[in-house]
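As you go down the protein sequences, you meet chains A and B in turn. Going letter by letter, the first sequence gives residues 1 to 471 in full-length UniProt numbering. Going letter by letter, the second sequence gives residues 1 to 471 in full-length UniProt numbering.
Since the hints were derived computationally from the structure, they do not count as laboratory data. No experiment lies behind these values; they were computed from the predicted model shown. The reader is advised that the hints may include incorrect statements.
Said to hold, decoys possible - Covered, in the sense of this in silico footprint (three residues per stretch, anywhere, with C-beta under 8 Å from a C-beta of chain A), are these stretches of chain B:
1) 8 to 15
2) 24 to 37
3) 98 to 104
4) 156 to 162
5) 234 to 245
6) 318 to 327
7) 367 to 378
Ideal Cβ placement from N, Cα and C applies to all residues, glycine included.
Number of protein chains: 2
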Amino acid sequence: MSYFDAASSVPLHPVATQALHAALDEGWADPARVYREGRRARLLLDAAREAAAEAVGCRPDELSFTSSGTAALHRGVAGALAGRRRAGRGLVVSAVEHSAVLHAAAAHEAAGGTVTEVGVDRLGRVSPAAYAQVLGADTALAVLQSANHEVGTLQPVAEVADLCADRGVPLLVDAAQSLAWGPAALDAGARWSLLAGSAHKWGGPAGVGLLAVRKGVRFAAPGPADERESGRAPGFENIPAIVAAAASLRAVRAQAAAEGARLRTLVDRIRTEVPRLVPDAEVVGDPEHRLPHLVTFSCLYVDGEALLHGLDRAGFSVSSGSSCTSSTLMPSHVLRAMGVLSEGNVRVSLPPGTPGADVERFLAVLPGVVAEVRAQLGAPGGESAPAPAARAAPEGPAVVIDALGRRCPVPVIELAKALGGVPVGATLSVLSDDEAAKLDIPAWCGMRGQEYVGAQPSAKGGTAFTVRRLS
Amino acid sequence: MSYFDAASSVPLHPVATQALHAALDEGWADPARVYREGRRARLLLDAAREAAAEAVGCRPDELSFTSSGTAALHRGVAGALAGRRRAGRGLVVSAVEHSAVLHAAAAHEAAGGTVTEVGVDRLGRVSPAAYAQVLGADTALAVLQSANHEVGTLQPVAEVADLCADRGVPLLVDAAQSLAWGPAALDAGARWSLLAGSAHKWGGPAGVGLLAVRKGVRFAAPGPADERESGRAPGFENIPAIVAAAASLRAVRAQAAAEGARLRTLVDRIRTEVPRLVPDAEVVGDPEHRLPHLVTFSCLYVDGEALLHGLDRAGFSVSSGSSCTSSTLMPSHVLRAMGVLSEGNVRVSLPPGTPGADVERFLAVLPGVVAEVRAQLGAPGGESAPAPAARAAPEGPAVVIDALGRRCPVPVIELAKALGGVPVGATLSVLSDDEAAKLDIPAWCGMRGQEYVGAQPSAKGGTAFTVRRLS
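Okay, chain A solo, but in the shape it has when bound (with noise of 0.2 Å):
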């Protein structure tokens, strides 16, 4: 098996293993307490705060280890927007933040705050100008991710960081896809306000995040008061996780630039082959400004869920912000921000230590699969093609293609079929209720250089996606 999923989580690093296993012997007793389990406790917590604010570039007294990634996100954005009110309601978010950001955004909003999303471009990187348009006097808080965990594209942290600071505006920075990277991919000495991470993403344990607030930061602890890690993370600190996690920061940033350098290579190797190999494939994500471990890629006329599955019996374990992979059967929000293909999409981020020759067997993995997936479903190219349910239409579009009720890639595979049958210059429209059709079938116009006229509700319920046929 190769795991190719380390955006999502990593297995325990070894140096991780070994120092739960002492600390569980050791860090199990409350650190409140004045007997000597109790202190022991505590000496190892303070040392392992140290490491990890060394690690993150903070004091140790400005950081808090929480529960999970998560916690440190939804407290983070709760208690830096609490400790704002007087200044403002306003939250501003990339429109590519992780889910939990997002989610703290709409509680936010959800009760009576404001929340402004920020757009970005193709390659899904925010613009610093479109951050200071929208930095207002009732800004009470900015996040930004420092690498989208998606399609691994950095974010311009300290230009960002740069311009909240002049504006007086605290910005929370979710580093979660980056601790393990260091500086390379953290924007080193990025006047940031709050920073946010997660253990598990670096070869630390599950149920261990961390939070740093700088010194003068205003923050307001969210619910109910509780004296552990100075009032911003409730409940009874987990030592041992926390020692292990610590350990293993230092461990993985130790390799960072060797094995960053390393994997580099390796997602070269896919950016550059995937295409090559698998027609009608779309790397995405900066090529050049991104984590070194990430890639992701979308293949027109594929299911992503089918994909996943035989990539998974082919040994392969990936992850796909395709609309069939989701329980809403939304396209990846990442995704639809770039506005780029998501029908088969697929994210590979290697663990540290993958070895090259398990890429090689990917990408000669890979092709098969696709294709295997599209025979399935009679895309073009493929075999046993169904014919297209079109009909001619007394006016309007030459060609009227009812796909209501089909889910992605089927809208788009009848699409490519049916456009074949109409002339060039005419227009055919697809008449769809599916979410991802919205993203993709102007992405496949891009892809096949078709035009894509618009969309409007149609009479028959769902959407009509008109496309001119340009040759």
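The hints should help you fit chain B onto chain A, whose structure is shown.
Coordinates of chain B only, in the frame set by chain A:
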């Protein structure tokens, strides 16, 4: 070293250690993913949920794992209150709940809700009749612990649950101290609506709590949305720790009856011997209807912090509810609610497996440690007692002792030394601004057969506590 603070935390059970190590290898991936590492993690999580649900006495789909017992209580209280918001905003708690519940109640009050505290008797027990009295039409939730964490008294959970059920009010049971002991300490079959627990209290790892919400109980999870754990506990599941927690719960339950009976006899030894071996000591809490492993006593004329340090040096780790051991310089709210002596307070809670010889050694060491602390303080009966700072007053009490600025147990020591100097039938006042005096001066009078006349604000600051010498 003998660690006698199981009510705070216990070391990892060997079964938990074993389960944790195995699950670290198998359960690190995201259980929401479809690839094999994710499916393996999901299987482990499902099996742990079934095991824990069986031990708790609920259905697996009623049980969520949280990041701590505190989180279970915070989220349980907030979620049940929000779910019942239409019914009203009244919250009923006992006065001796864990601080996590009282903090959740304070947060509810700060947000405009109402909180009613039900008092306890001198044994620390609530009366079902008192609960019945305060359950009103606008009561959204009632909370009651299964057993008190400081004095071990079992609460009448089944009776209170019936009262609540009859009135349609959900009851949340804080079972943190009881889950290890099973039905005997849990009022098995009680008609609770919600139940919370904490794994590190039963030999599981830190970082795992559990929250059970019975089907049909209205519940609206607080804070930002998150799809994990039925939406009730946000953040990536800590599966290795959850697996270890469930395994250790089964293991301790299998031994609970036998080990409970054995520890009960050890605790009985302490309950009998401490008052015999240590002059002016009082054992508090219910002597019969109690947790098997826990006993609390207080010693007159003793500084709790010095006593903890003395016992620590002698090799015993215990905790205390004395004011001097608290960051707020307040005696424990449990001892205050019971109206019992708080000075020189010691809680002994024996972890499973405690050898009887350790308890005997504790009983052998305790009298000397208490005597030493008393001697250092110049307590009555100790050595080098300084003359009391008493002076005659022209009117009112025969003698006024100025103990302003002096901390527990000094005001009581001064009182005890000075009372011998006033005639039988005459009164004496102690001026004190120490929070513990409110509790300890009346308690001292009760223990020594003197009359506690009352307290009133003093012109010199603090409070004047008046005592009449009866013998």
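Now for the hints, and whether the structure bears them out:
{"no.": "1", "hint": "8 to 15", "result": "holds (count 5)"}
{"no.": "2", "hint": "24 to 37", "result": "holds (count 10)"}
{"no.": "3", "hint": "98 to 104", "result": "holds (count 3)"}
{"no.": "4", "hint": "156 to 162", "result": "violated (count 0)"}
{"no.": "5", "hint": "234 to 245", "result": "holds (count 8)"}
{"no.": "6", "hint": "318 to 327", "result": "holds (count 4)"}
{"no.": "7", "hint": "367 to 378", "result": "violated (count 0)"}
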